[in-house]
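Q: One letter stands for each residue in the lines below.
Number of protein chains: 2
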Amino acid sequence: MSKSIFYHAGCSVCISAEHEIVKLIGKDNIEIVNIGENRSRIEEAELVGVKSVPALLTPTNNVLHLNFGASMADVKG
Amino acid sequence: MSKSIFYHAGCSVCISAEHEIVKLIGKDNIEIVNIGENRSRIEEAELVGVKSVPALLTPTNNVLHLNFGASMADVKG
Chain A
3 MSKSIFYHAG CSVCISAEHE IVKLIGKDNI EIVNIGENRS RIEEAELVGV
53 KSVPALLTPT NNVLHLNFGA SMADVKG
Chain B
3 MSKSIFYHAG CSVCISAEHE IVKLIGKDNI EIVNIGENRS RIEEAELVGV
53 KSVPALLTPT NNVLHLNFGA SMADVKG
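If you read the protein sequences in the order shown, they are chains A and B. Residue numbering for the first sequence follows the numbering used here, beginning at 3 and increasing consecutively. Residue numbering for the second sequence follows the numbering used here, beginning at 3 and increasing consecutively.
Check the hints yourself; a few may be wrong.
Treat identical chains as interchangeable: a pair holds within one or across any two.
[As the list claims (entries may be wrong)] Straight-line C-alpha distance at most 30 Å; calculated DSS-like pairs for lysine-lysine:
1) K29 to K53
2) K5 to K29
3) K53 to K5
4) K25 to K53
I should point out that these hints are in silico values taken from the structure, not numbers from a laboratory. If you're wondering where the values come from, they're calculated on a predicted model, not measured in any experiment.
Work out the full structure, taking the sequences as your base and the hints as a guide.
A: This is how it looks when you write it as structure tokens:
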């Protein structure tokens, strides 16, 4: 199974969700991408369907949006 | 580790999220609760902090709200 990708923007809601997801899925099964710091990944995130962060892209290419996070517009702004 | 609980309301967004979560965490590690059908669980869901469905209550009692789902008010209404 390929890895999941967890997109976040470094906010406290994101970090809290990251810890929960890593505990549930296991850190070896997930790539963590901070699109606040690594802005070159923003376009990729949008292409796969990320509409807000934190979000989890599953190995089957479905996006689970978590919590009531920051909108992509907020991260870019 | 105790189980996670996945609260949903039977909508298509919920079912899609359920399938993804079950694949990621494993069905033996999660209890699925349809609060649309099993309305006696609504109060419990609200007490643990569920604000919208689908949502995942983790074994550490944190709630991850998934997708852009239905609000608790919609489920009750």
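Q: Against each hint, give a clear statement of whether it holds in the structure.
A: The hints, checked one at a time:
Taking the shortest alpha-carbon separations for K29 and K53, both the intra-copy value of 23 Å and the inter-copy value of 27 Å come in at or below 30 Å. With identical chains, the CA atoms of K5 and K29 are at most 30 Å apart both within one copy (10 Å) and between copies (19 Å). In the homo-oligomer, the alpha carbons of K53 and K5 lie at most 30 Å apart both inside one protomer (20 Å) and across protomers (29 Å), since each shortest distance falls under that limit. For the identical chains of this complex, K25 and K53 are neighbours both inside a copy (24 Å) and across copies (22 Å), given an alpha-carbon limit of 30 Å.
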